[in-house]
Every structure is written in C-alpha cells, then in structure tokens.
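2 protein chains.
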Amino acid sequence: MSAPGSDPGLEVFLRHGGRLAAATLAFPNAPGPWLDLSTGINPRPWKGARATPVELARLPDPEAVAALEAAAARAFGVSPDRVAAVPGAEAGLRALPRLLGARSVAVVSPTYGGHAEAWRLAGARVETICADQIAATAAEAVVVVNPNNPDGARRDDIAAGDRWMIVDESFVETAPELSVATRAGGRLIVLRSFGKFYGLAGVRLGFIVAEPGLAARVSAQFGDWPVSAEAIAAGTSAYADAAWRERTFRRLFRDSARLDRMLTAAGFEVLGGTSLFRLTASPDAQSRFARLAEQGVLTRPFPEQPTWLRFGLPKTWPRLAAALEAL
Amino acid sequence: MSAPGSDPGLEVFLRHGGRLAAATLAFPNAPGPWLDLSTGINPRPWKGARATPVELARLPDPEAVAALEAAAARAFGVSPDRVAAVPGAEAGLRALPRLLGARSVAVVSPTYGGHAEAWRLAGARVETICADQIAATAAEAVVVVNPNNPDGARRDDIAAGDRWMIVDESFVETAPELSVATRAGGRLIVLRSFGKFYGLAGVRLGFIVAEPGLAARVSAQFGDWPVSAEAIAAGTSAYADAAWRERTFRRLFRDSARLDRMLTAAGFEVLGGTSLFRLTASPDAQSRFARLAEQGVLTRPFPEQPTWLRFGLPKTWPRLAAALEAL
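Taken in order, these protein sequences are the chains called A and B.
Residues 7 to 333 in the numbering used here are what the first sequence lists, from first letter to last.
Residues 7 to 333 in the numbering used here are what the second sequence lists, from first letter to last.
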C-alpha cells in the first residue's frame, strides 16, 4: 500500500517533489497543466529507443541486462562486474541497509531524506552529521550525496576506509569530475541514477557500483530480471550516447544560469544547487510557494527550513517568468 | 552485475526459461525467430494503455501508484491497504526473507527455484518438503506455489496459522478458485504476478498481499516510486478489464487442451501444469529438448529431472506442430 496525501496542505509537498495530483487538490484554481519544478529531473529527456511490444511481453533476457550494465559501466568508467542494475536508485538505496547489515549510519545532512528513512526502517541507529564530522563519527556506515541535494554542496575529499562509505551520485552527471565511481570497491559504494540527468524518472532505473562480490549480492537481491524492458531499451542506448551527454551537460549549465538570473531578479537568494535544480532562500518562501502554485507552478518547500524553495529547470521559460513577475 | 551464461550447454537453460540469447549461441543453426515455449507467459498479451512520453519522464505520482494498487486489489477481491506493488513478483519474493526475519523456511517442492535461493541468500535454513509435510515442519516460514510451477499441483487446504505462510499465486488467474488472497493477513502472505497471465513480463510488476502493516513495510522497502510508469499504465487498465480476464481464462483453457493433444500425439506424457504451461515426461526428454531447439523451439528442461520438459503455449501452432512431427 502506498500512502498518498489525503491532506491537501503544505505537508504533502515537504516529503518529495512531483506530487501533481496533490497539487491539483490543494490548488484547484491553478491554471493547468502544471509547470512542475518540484523535482531535479531534466525537462528535456533523452529521446531514443523504447521497448517494443515483443520486449514488453517477454521476461528480459539476462544477456540484455548484462548489456545494459556494460553500457552503464562504460559511461561510469568502471568494469561491468562492479555494476548492478536496480529498479530505480531509490530501490537500490533502500536495499543497502539490510544487505550491508551495518547497525548505525551517519548521514551527511541536510540531504535527501530517503537515506535516513531507509536505515531507520532497517532498524539502524541514524545520526545526521555535518560534512566535517565524517572522520569523527563512530557510525559503521556513512552516507553522503555528492553533489548534494538540495544545496549542491560538493565533496572532493571522499575516501574509502574501513567503514561503509555510500556515495549517492544521483546528480553527478552535472559535475562528473566529482565522481568516485572508478574507486568503488572495498567498503566504498556508489549509487547512480538514470532518470534525473536523462529525464526519464518514470522508467525506474538506477545502479549500485561496488566490489564485484557485493554487486553480485545486490543483483541477487532483485533477481534475474531486476529492471524492465523499457529500462533496458532506454538505458542501454542512452548511456552509449556520449554526444548527447556532453551537449546536455552544457545546456543544463546554461539553463541553470538563466534560472539563477530570473530567481535573483524576483528577490530570491540563490544558495546553491546543481544544474538540475537551484536552492533559494527568501523570508516569505512558504507564501511564495503558494502564490506560485496558484499560478500552476509547483516548487519544492522543505520541512524545518521555512525560507527555502527549490526550483527545477522549466522546459520553457515564459510561464515561469510571468509567475515570478506576479509574485 | 548479472551472470549471463557463457556456457552454451544445457546448464544455462536449467535455471530459468526465456534465455533466447543463450539459445542462439547454443543452437546457431536454429531457424529464427525462436518460438519461445520455455516460460509460462501468455503469448497473447493484454493490449492497451502504454505510458506516455510525459509519464516516462516524470517520477510516478504516488496517487497513480495508489490507483494501480486499488485496481489490483479490486481484481484480487481485497482492500487496497493490503496490497503493495513491487517491481516484479521476483523482487517481491526476494525482499520477504529479510523483511520477515524468519531464520528457517520450508519450501513445498519441487517448485520454482527462486524461493529457496532467496531465503538461502538471506541466511535462512532452507528445507524442501512435500505438501503433506506442511503441518509437521518446524520451520518458521512455509512457501507454497499454488497452483504449482512446474507440475500444476493445486492446494485447496491452505490455512493461516502461527507461522509465516507465503502463498505464491503467480499462476492463480488460471485457477482463480484456489486464491487465498481474500484471507491474506496475520501471518498469511500472498504473492501475485502481473506479467504471466497478462503476457507482459517485461513490464516487471507484482504485488504482495498482506496485513496492512506488513504491506506498508513492503512498500517502504521499495520507496515511493516502486514501479515504472509503464507498469502503472498497463496494470491499472488491465486489472480493471474483467471482460478480457474472463475471455483469456477460457482461451488459455482451450489452448492448453489443444497443446496436450499435440504433446500426447508426439509421445509425451502430460504430467500436469496450468493453462499457461504443461509439464511432460519422456524418456529421451533431454535429446528432445535439443532436437526441438535445433528447429527453433525453446522449451524448459529441469535439473535433477532429466525426463521432464515444460511447454508454454505457442502464439501460433503450425511451427510447433511441424517441430513435434519431426521428433
């Protein structure tokens, strides 16, 4: 059972972005369709192979899963035996606590809430730490998102050690120089997401990069058909498309700079982010969230940070410009 | 990492059906395309809604996941708070050992090998038992597939009790009177598969039916976006299509009777099965497997049962008829 929000207040929007059904309930007079800036997903998806009806009908062939993992491994710069495809980075990060068996974890915060939730559900003791406390914590595992969501903080000093170090690189395609995927192994585990940079979050595809034995245990946790025919079709082709990746990297950079200029002009302070989302501060952020929503623009507020709003990139600009001018 | 078979011998076909790439390696002279009878998947899939490009690009809205679970719950005859969507029945059954924490399991055998493998990987003690040993076993959990794969054995005496009882109903749409989904709760857990009866195994969609607290824990194990946009589009529509379900139930029954007649005429003894697959015995089954494969017809042999071959339904009949006549 899922737990969709029945309360159309702000609460439902504090957990994750992308809650368009809840937004329609909460803001019934907003002009549609929604301009959804509440997530950090590329609004111009990779457009290529889709699964054929024949592929959707069959069980994915393990050779096709292996080819997907090999294409991803080439893009990550690692050997294929270190890569395990999972049905979304979220499912991957939620499998790790039980697979690793660590009883305590330190999550470098503030960050994406799914990590702490996953470890808590597995019965682990969870502490939140600042980045400069990584060396000092006694936790058996450390989780760091790099570059970080929502503030874009970048770590260039991540080192493998004798405790589990889980590096969530869901947004690293926007800053590929930060990736430690090539060093995954031993107790260093890297998590990668397909849907964000490639703009295909509905496909549900992610990867865990780890030493071969652990990668095999991750694969075994999901079984011989870990991802869908659609994920295989899109992922195998998209990871092989280096030209698209390079072009998109540059376009996102330009677009996020343009977004910064618009947000600054509208009175937001841009605190940081990646080229897939920008984090802002403004004293009246929660009422701005509501006024933007009334105009059909959904952004992302944060619990315990009432001055923050996060903006994803729009596919087109005029509507966002108009909504910001009307603030 | 997946482990595709590099050995093109019989070994690779003993684990699971559907290994067409391995079959092409092992039987390079077989006329293509393969007639794949190695799985129990309906060869005439439900044809309807596919995910739109917009849905593939976005994170699935939790309300859409809830609507899928509600449609499945109506088809199963249970309340939606007992239903958790998972990215394939396989991923569901592999999550259960760690979620339940049982240290020993009895698997009613012979049956689908994934269950024993999943429990072994989670560190549980695994015993295989006959159906009449269910009451006597001391294991903390029992797994029974009903109707059973590969022999079609049917249990109409499944009872909840004070140990975990996991009923894998992956093929129960072919014998809906056997389902105990409406009694799921307490320690009785039911596993359902979308892809087999609906003929869309590449979509990766399954469900766990359990008491609401456990269903919520299963959902939390996979996170807020447990299944793909494609799974949501197909599943939500297909489960609501009672007319298709009824028509397909009858067609599969007719087709499996026709298959039985052909197999019997070709000298196979039909041991049982469901209307999605038929289990046969013949003294020279392994050489028949090879001779059928040389004609491009892939069937399913079994480890430790050298006289068995399992046949799925063909989409069209002439090619199977010719291959059987040439045996």
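Everything labelled a hint here was simulated from the structure, so no lab data went into it.
Owing to the predicted nature of the structure, the values given are computational and were not obtained by experimental measurement.
There could be a bad hint or two in this list.
[Unchecked claim] Covered by chain B, per the in silico footprint, the following chain A stretches (three or more residues, Cβ under 8 Å):
#	region
1	19-28
2	47-57
3	136-148
4	179-189
5	247-253
[Claimed, not checked] Label-pair distances were calculated between CB atoms; the ranges are:
#	chain 1	residue 1	chain 2	residue 2	range
6	B	Ala-55	A	Pro-324	30 to 38 Å
7	A	Gly-54	B	Ala-55	16 to 24 Å
8	A	Ala-246	B	Lys-53	42 to 50 Å
9	A	Arg-21	B	Glu-275	52 to 60 Å
10	A	Asp-163	B	Gln-139	54 to 62 Å
11	B	Glu-310	A	Gly-54	39 to 47 Å
12	B	Pro-312	A	Ala-246	28 to 36 Å
Built from N, CA and C at the ideal position, the CB exists for glycine as well.
CB-CB spacing for Glu-275 (chain B) and Arg-21 (chain A) relative to the 52 to 60 Å hint
holds, 57 Å
Three or more residues of the region 136-148 of chain A near chain B by CB distance under 8 Å?
violated (count 0)
Three residues minimum, CB to CB under 8 Å: does the region 47-57 of chain A make the cut for coverage by chain B? Let me know.
holds (count 5)
Taking the CB of Ala-246 (chain A) and the CB of Lys-53 (chain B), does the distance hold inside 42 to 50 Å?
violated, 30 Å
If I claimed the Cβ atoms of Pro-312 (chain B) and Ala-246 (chain A) lie 28 to 36 Å apart, would that claim hold in this structure?
violated, 42 Å
Between Ala-55 (chain B) and Pro-324 (chain A), is the Cβ distance one that fits in 30 to 38 Å?
holds, 32 Å
Does the Cβ pair Gly-54 (chain A), Ala-55 (chain B) satisfy 16 to 24 Å?
holds, 22 Å
Count the residues of the region 179-189 of chain A with a beta-carbon closer than 8 Å to any beta-carbon of chain B: does the count reach three?
Our answer is that it is violated, as 0 residues pass the Cβ test (under 8 Å) against chain B, missing three.
State whether the coverage of the region 19-28 of chain A by chain B holds or is violated, taking the criterion as 3 or more residues with Cβ-Cβ distances under 8 Å.
holds (count 8)
Under a C-beta cut-off of less than 8 Å, do 3 or more residues of the region 247-253 of chain A approach chain B closely enough to confirm the stated coverage?
Contact hint for the region 247-253 of chain A vs chain B: violated, 0 residues under 8 Å.
If you check the beta carbons of Glu-310 (chain B) and Gly-54 (chain A), does the distance land in 39 to 47 Å?
Holds: the Cβ-Cβ distance is about 44 Å, inside 39 to 47 Å.
If you check the beta carbons of Asp-163 (chain A) and Gln-139 (chain B), does the distance land in 54 to 62 Å?
Since the Cβ atoms of Asp-163 (chain A) and Gln-139 (chain B) sit about 58 Å apart, the hinted range of 54 to 62 Å holds.
Hints 3, 4, 5, 8, 12 from the earlier list are contradicted by this structure; the remaining hints agree with it.
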